[in-house]
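Now for the letters of each chain:
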Amino acid sequence: MKFSQIIKNLNPLISDHSLNYNTYDPDLLGITPIEEAKSETISYIEGDKFANKVNDTVATALILPNNKKLQEDSTQRNIAWLSCQNPRLLFAQTIALFYQPFRPQPAIHPQAIIDPSVIIGREVYVGANVVIEKNVSLGDHTCIMPNVVIYPEVKIGKNTLLHSNCTIHERTQIGNNCVIHSGAAIGAEGFGFVPTPQGWYKMEQSGYVILEDGVEIGCNSAVDRPSVGTTRIGKNTKLDNLVHIAHSCQIGENCAMAAQVGLAGGVTVGNNVILAGQVGIANQAIIGDGAIASAKAGIHQNVAPGEVVSGYPAISHSLYLKAAAIYKRLPEMYQTIKKLTKLLD
Amino acid sequence: MKFSQIIKNLNPLISDHSLNYNTYDPDLLGITPIEEAKSETISYIEGDKFANKVNDTVATALILPNNKKLQEDSTQRNIAWLSCQNPRLLFAQTIALFYQPFRPQPAIHPQAIIDPSVIIGREVYVGANVVIEKNVSLGDHTCIMPNVVIYPEVKIGKNTLLHSNCTIHERTQIGNNCVIHSGAAIGAEGFGFVPTPQGWYKMEQSGYVILEDGVEIGCNSAVDRPSVGTTRIGKNTKLDNLVHIAHSCQIGENCAMAAQVGLAGGVTVGNNVILAGQVGIANQAIIGDGAIASAKAGIHQNVAPGEVVSGYPAISHSLYLKAAAIYKRLPEMYQTIKKLTKLLD
Amino acid sequence: MKFSQIIKNLNPLISDHSLNYNTYDPDLLGITPIEEAKSETISYIEGDKFANKVNDTVATALILPNNKKLQEDSTQRNIAWLSCQNPRLLFAQTIALFYQPFRPQPAIHPQAIIDPSVIIGREVYVGANVVIEKNVSLGDHTCIMPNVVIYPEVKIGKNTLLHSNCTIHERTQIGNNCVIHSGAAIGAEGFGFVPTPQGWYKMEQSGYVILEDGVEIGCNSAVDRPSVGTTRIGKNTKLDNLVHIAHSCQIGENCAMAAQVGLAGGVTVGNNVILAGQVGIANQAIIGDGAIASAKAGIHQNVAPGEVVSGYPAISHSLYLKAAAIYKRLPEMYQTIKKLTKLLD
Numbered sequence: 001m002k003f004s005q006i007i008k009n010l011n012p013l014i015s016d017h018s019l020n021y022n023t024y025d026p027d028l029l030g031i032t033p034i035e036e037a038k039s040e041t042i043s044y045i046e047g048d049k050f051a052n053k054v055n056d057t058v059a060t061a062l063i064l065p066n067n068k069k070l071q072e073d074s075t076q077r078n079i080a081w082l083s084c085q086n087p088r089l090l091f092a093q094t095i096a097l098f099y100q101p102f103r104p105q106p107a108i109h110p111q112a113i114i115d116p117s118v119i120i121g122r123e124v125y126v127g128a129n130v131v132i133e134k135n136v137s138l139g140d141h142t143c144i145m146p147n148v149v150i151y152p153e154v155k156i157g158k159n160t161l162l163h164s165n166c167t168i169h170e171r172t173q174i175g176n177n178c179v180i181h182s183g184a185a186i187g188a189e190g191f192g193f194v195p196t197p198q199g200w201y202k203m204e205q206s207g208y209v210i211l212e213d214g215v216e217i218g219c220n221s222a223v224d225r226p227s228v229g230t231t232r233i234g235k236n237t238k239l240d241n242l243v244h245i246a247h248s249c250q251i252g253e254n255c256a257m258a259a260q261v262g263l264a265g266g267v268t269v270g271n272n273v274i275l276a277g278q279v280g281i282a283n284q285a286i287i288g289d290g291a292i293a294s295a296k297a298g299i300h301q302n303v304a305p306g307e308v309v310s311g312y313p314a315i316s317h318s319l320y321l322k323a324a325a326i327y328k329r330l331p332e333m334y335q336t337i338k339k340l341t342k343l344l345d
Numbered sequence: 001m002k003f004s005q006i007i008k009n010l011n012p013l014i015s016d017h018s019l020n021y022n023t024y025d026p027d028l029l030g031i032t033p034i035e036e037a038k039s040e041t042i043s044y045i046e047g048d049k050f051a052n053k054v055n056d057t058v059a060t061a062l063i064l065p066n067n068k069k070l071q072e073d074s075t076q077r078n079i080a081w082l083s084c085q086n087p088r089l090l091f092a093q094t095i096a097l098f099y100q101p102f103r104p105q106p107a108i109h110p111q112a113i114i115d116p117s118v119i120i121g122r123e124v125y126v127g128a129n130v131v132i133e134k135n136v137s138l139g140d141h142t143c144i145m146p147n148v149v150i151y152p153e154v155k156i157g158k159n160t161l162l163h164s165n166c167t168i169h170e171r172t173q174i175g176n177n178c179v180i181h182s183g184a185a186i187g188a189e190g191f192g193f194v195p196t197p198q199g200w201y202k203m204e205q206s207g208y209v210i211l212e213d214g215v216e217i218g219c220n221s222a223v224d225r226p227s228v229g230t231t232r233i234g235k236n237t238k239l240d241n242l243v244h245i246a247h248s249c250q251i252g253e254n255c256a257m258a259a260q261v262g263l264a265g266g267v268t269v270g271n272n273v274i275l276a277g278q279v280g281i282a283n284q285a286i287i288g289d290g291a292i293a294s295a296k297a298g299i300h301q302n303v304a305p306g307e308v309v310s311g312y313p314a315i316s317h318s319l320y321l322k323a324a325a326i327y328k329r330l331p332e333m334y335q336t337i338k339k340l341t342k343l344l345d
Numbered sequence: 001m002k003f004s005q006i007i008k009n010l011n012p013l014i015s016d017h018s019l020n021y022n023t024y025d026p027d028l029l030g031i032t033p034i035e036e037a038k039s040e041t042i043s044y045i046e047g048d049k050f051a052n053k054v055n056d057t058v059a060t061a062l063i064l065p066n067n068k069k070l071q072e073d074s075t076q077r078n079i080a081w082l083s084c085q086n087p088r089l090l091f092a093q094t095i096a097l098f099y100q101p102f103r104p105q106p107a108i109h110p111q112a113i114i115d116p117s118v119i120i121g122r123e124v125y126v127g128a129n130v131v132i133e134k135n136v137s138l139g140d141h142t143c144i145m146p147n148v149v150i151y152p153e154v155k156i157g158k159n160t161l162l163h164s165n166c167t168i169h170e171r172t173q174i175g176n177n178c179v180i181h182s183g184a185a186i187g188a189e190g191f192g193f194v195p196t197p198q199g200w201y202k203m204e205q206s207g208y209v210i211l212e213d214g215v216e217i218g219c220n221s222a223v224d225r226p227s228v229g230t231t232r233i234g235k236n237t238k239l240d241n242l243v244h245i246a247h248s249c250q251i252g253e254n255c256a257m258a259a260q261v262g263l264a265g266g267v268t269v270g271n272n273v274i275l276a277g278q279v280g281i282a283n284q285a286i287i288g289d290g291a292i293a294s295a296k297a298g299i300h301q302n303v304a305p306g307e308v309v310s311g312y313p314a315i316s317h318s319l320y321l322k323a324a325a326i327y328k329r330l331p332e333m334y335q336t337i338k339k340l341t342k343l344l345d
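Chains as they are written, first to last, in this note's numbering: chain R, 1 to 345; chain U, 1 to 345; chain F, 1 to 345.
If you are wondering where the hints come from, they were derived from the structure by calculation, not from laboratory data. Treat each hint with caution, since some may be false.
[As the list claims (entries may be wrong)] Listed below are the simulated BS3-like cross-link pairs for lysine-lysine, each with C-alpha atoms no more than 30 Å apart in a straight line:
#1 U:Lys202 <-> F:Lys2
#2 R:Lys328 <-> R:Lys338
#3 U:Lys38 <-> R:Lys202
#4 F:Lys342 <-> R:Lys155
[To be verified] Computed far set for chain R versus chain U, every beta-carbon distance over 12 Å:
#5 Leu10
#6 Asp25
#7 Asn78
#8 Ala107
#9 Glu307
Ideal Cβ positions, reconstructed from N, Cα and C, are used throughout, including at glycine.
Let's have the full structure, built from the sequences with the hints guiding it.
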């Protein structure tokens, strides 16, 4: 692809018309990470850490921050460059020009097993060994990869993608433009057992899961249905791999949860919340809009909107940083206190 | 369903004959969570948090705690109510009157692939694309959902349910009335590698997994087989999603482990133990009967019967609460010690 | 098997010719754990914890440490024994004499669905309901268990084993002698979303995953592909169950990662690194050769080669042990400081 072709494609995507670039026009064969950039590829200088790469990379083109110095250095080294306010977004948009993930042509594989009651939209793909039970509906342009199983009464919207070996349980509702990655289990029974003198009594889980439009669920993640009512994940919220969402959780829009996050039953999460890897949230906690939890935080209580929390038990991030720094000095503090006590005796 | 019909069904289940109720007899169409209760449904007032809902809910019937005030308030608002000593159990029993999970009629799907040596009990369901290898036996009323794979020499008891996309590895023994949820892997090779100057030497895992009667394993959980002997999970123990049980663990009866718990090799867990979410237990640790570990606890040593532990490393829960409260004051303590030291110099 | 036959088989495997044994020659039917050893089996005395078992076990033969006392006691009790410098390795080698895991004979199951473009080596097994997309190649002696799905352009080396229900995504490269356990997802899209005023913008993941020779990936683990470039796991590195490796991670050779470990994006791990269960490593951190992280460590910064770290945030293990010991005394320290302050006022 010509560099000028990239500019032509990206220009309409930059809403504030602030795309900058020089006028070299090399041919480009692909996109590469800056650490291993090759000739005839375009690469991305992310942040200060890689800034000096401008001076020795063999990349033929670069996506740069809005930084005059780097731009001049690139031009001087005969490197084509482009930049804008959000170079990471530019990087993402450029990748999409070179690469689209595997997506098969619409077709129903003859070895898919589909109940006659299933309603299938236009331009749908259903792969081999997919099993779809009674009264399921699949929206237009939906893509169900091989070996997926869909239990009865599930509704799936338009242009949604289910990767191989995932299981969608009864009555789950999945919106438009969702992606469910391999091995994920959506709508399985919540973990509900009532202690009795005779042991655990199983509470049937009569509720169901709702994934709103644009939700993405990572590989081998699990979103459970509740005993009554719904478990809901709001519009455009993205979950990474191996995440656990227990019964009855109500999660807002535009959140992101990194891998191995676990939410206990009935947790409420607002909009635009970010949970880093391995965060855990206890039963019934309420996390306000825009809150952020650092990796491995253990949240036992409500978190206010916009709050940043860390640690276990989670406290405000700024306090955590100070306390964690002093944690290392505990042995020394202990000795000092001992000395002081002796001195005063 | 008539309210009186619910009472009629539940009365024999309440072992101490202590079911209380008023005499309204409305028609009920379903069961709903109290936060979003609708007319013509029955709902559940759980604990004090929702007690005031009695005064404004539109639910037509309520399951209540044994609380005179709430009962009188309900009657006054023309709400049918019932209560007993264990209202949560009553709630669970009521759900089961309105809802039963999807369970297909007994049948062997023509696209299941079953070795001729497999022994199949009466009234068994085997779904599409299930693969069952040599010398497996399936007890009466067992239900194997689509796309499950069962390796050779596996024994499965009566009335056990395997959800889609789970894998049962060689020689696993699963008892009666068990549930294995989607994507779970039972009996795969334990993580056994011996360090040598030439690198890791793989230790073959010749043992097998035993799940006793009434065991439930959550979605995408893994229970590994050991190098020799068995990995055992005792009667009626329940595991949530994404739990890891390493080789040789010996787990007692009636335990509950929440999501993302991980047990290292050779851990022994007694009966009636409760492990909250993301708890980790180190190699060979012994957890006594009735012990409880709070969410995210990291257990490196034995835990005595009945002990409640928290924190990382795990200590007694009461001590943990105090230490965690003071953790936040570490910066302030550090400053005070500095001041005191200066003063005494 | 005769005991002398075991000796005969093991002798050539012990590189330093230091295999010791007595001359009893019983018949042995199997190998058992010492806690439940039976007559006519061989068992293994591991470390001091089980040393006194020599005096009461009913095992007919024992693998012992190089310990004269234990050897004499065994001989006196008419127990055949063998020992060498690395008895754990001896144990592993003995298991392999009695047991080999299930591995089907080479064959392509008629109900496997294989694109005509797929290149299949000699002596390959492809099980029922396996789906293999375009331009995949499978090396000689490869074994693909039932219900595996392989996306397009995947390359798999020789003698590699894929267990049931795992999914290998587009363009993944898997070396020779690898094992991918049930439910694992290799090469799925990395978790890449760029925040914009309109919400998350999906960054396509055009890179791919490389698993070098001898890599093992545990059940339901996930190794993601990056936006550009590769995610790489080096030769003979072993991952346990439910491990998450994010996009762009570069992992060295001969590492071991226990269950539920999570690596965020772009982490670099050297050779011979050991990560215990539930360890988390933050974005872009660099872990030096031979480093060790204790269970549940939360690593936010680089770790030097050979360093042992523990805790959250992770610090040097020796400091952690001291600080953790004093953590329990925080309430007492707090009171002492209060008293001292009062005294000085």
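Hint by hint, here is what the structure shows:
Taken as a hint, the Lys202 (chain U) and Lys2 (chain F) pair is honoured in the structure, with Cα atoms around 24 Å apart against an allowance of 30 Å. Distance restraint check for Lys328 (chain R) and Lys338 (chain R): the Cα-Cα separation of roughly 17 Å lies within the 30 Å cut-off, and the hinted pair is therefore satisfied. This hinted pair checks out: Lys38 (chain U) and Lys202 (chain R) have alpha carbons roughly 25 Å apart, not beyond 30 Å. Restraint check for Lys342 (chain F) and Lys155 (chain R): the C-alpha separation of about 68 Å exceeds 30 Å, so the hint is violated.
Every Cβ of chain U is farther than 12 Å from the Cβ of Leu10 (chain R); the closest lies at roughly 39 Å, confirming the non-interface assignment. Remark: the non-interface label on Asp25 (chain R) is consistent with the geometry, its nearest Cβ contact in chain U lying 50 Å away (cut-off 12 Å). Asn78 (chain R), annotated as away from the interface, keeps every beta carbon of chain U farther than 12 Å; the closest lies near 46 Å. Against chain U, the non-interface label of Ala107 (chain R) holds: every CB pair exceeds 12 Å, the least being about 19 Å.
At roughly 15 Å from the closest C-beta of chain U, the C-beta of Glu307 (chain R) stays outside 12 Å, upholding its exclusion from the interface.
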